[in-house]
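Order-wise, the sequence lines are chains U and W.
Under the working numbering, the very last position in the first sequence is 114; numbers go up by exactly one each time.
Under the working numbering, the very last position in the second sequence is 1112; numbers go up by exactly one each time.
Worth flagging that the hints you see were computed from the coordinates, not collected in a lab.
Below, a list of computed lysine-lysine pairs in the DSSO-like style, where the Cα atoms sit at most 30 Å apart:
#	chain 1	residue 1	chain 2	residue 2
1	W	K1071	U	K57
2	U	K57	W	K1107
3	U	K13	W	K1042
4	W	K1071	W	K1057
5	W	K1057	W	K1107
Ranges of calculated distance between the beta carbons of each label pair, as one might list FRET restraints:
#	chain 1	residue 1	chain 2	residue 2	range
6	U	S51	W	S1028	25 to 31 Å
7	U	S51	W	R1051	22 to 28 Å
8	U	Y10	W	S1052	38 to 44 Å
Ideal Cβ positions, reconstructed from N, Cα and C, are used throughout, including at glycine.
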Amino acid sequence: KAGVTQTPRYLIKTRGQQVTLSCSPISGHRSVSWYQQTPGQGLQFLFEYFSETQRNKGNFPGRFSGRQFSNSRSEMNVSTLELGDSALYLCASSADQVRADGYTFGSGTRLTVV
Amino acid sequence: GENVEQHPSTLSVQEGDSAVIKCTYSDSASNYFPWYKQELGKGPQLIIDIRSNVGEKKDQRIAVTLNKTAKHFSLHITETQPEDSAVYFCAASMDSNYQLIWGAGTKLIIKP
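Required output: the full structure, derived from the provided sequences and hints.
What follows is the structure, encoded as structure tokens:
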């Protein structure tokens, strides 16, 4: 079966611009989580969506937002980009509402802000 | 809330030797502990996991042990090979709160 698909794979943006990243979960998965990964910072949790509702949120400024559609595809948006937003953005999907097993990551979108 | 500490941050071992990465967690209610491997340019991939009703689980050269009393769990890789070089992440979660809490990661280097 197809895995988690993230688009685009690479992106270069200018400071002050905004960006939208897309994540298509594994078919049948209803939960999508987003992470920011920078060198030396590990996996920083952004937010998680389940059935179009944001269920959990990490400690990121309001410039970071997301949404989930009825087909479980999710998008995250970053407005007013800063140089420090340069990172690998990962999404992960899971089938079950309350169990973390089966949590599968995509390959990520590498965002560079110049 | 739950907190997961992972050590060491970098581990360098000779090819063929064993590698051990340790994680400790703070919330005794945590009951699911996965390990993920992240290769360069890829997202993390689940390699093994364990639930709190089991003390040890093996899958070929990889094993995970869990000590609920001490609240720590470890990843053991035997007969290491060059393809084991990657960053490894541990995590913990509990069924009552669907959220994985992650360790900071361990960069494993296999020396030829």
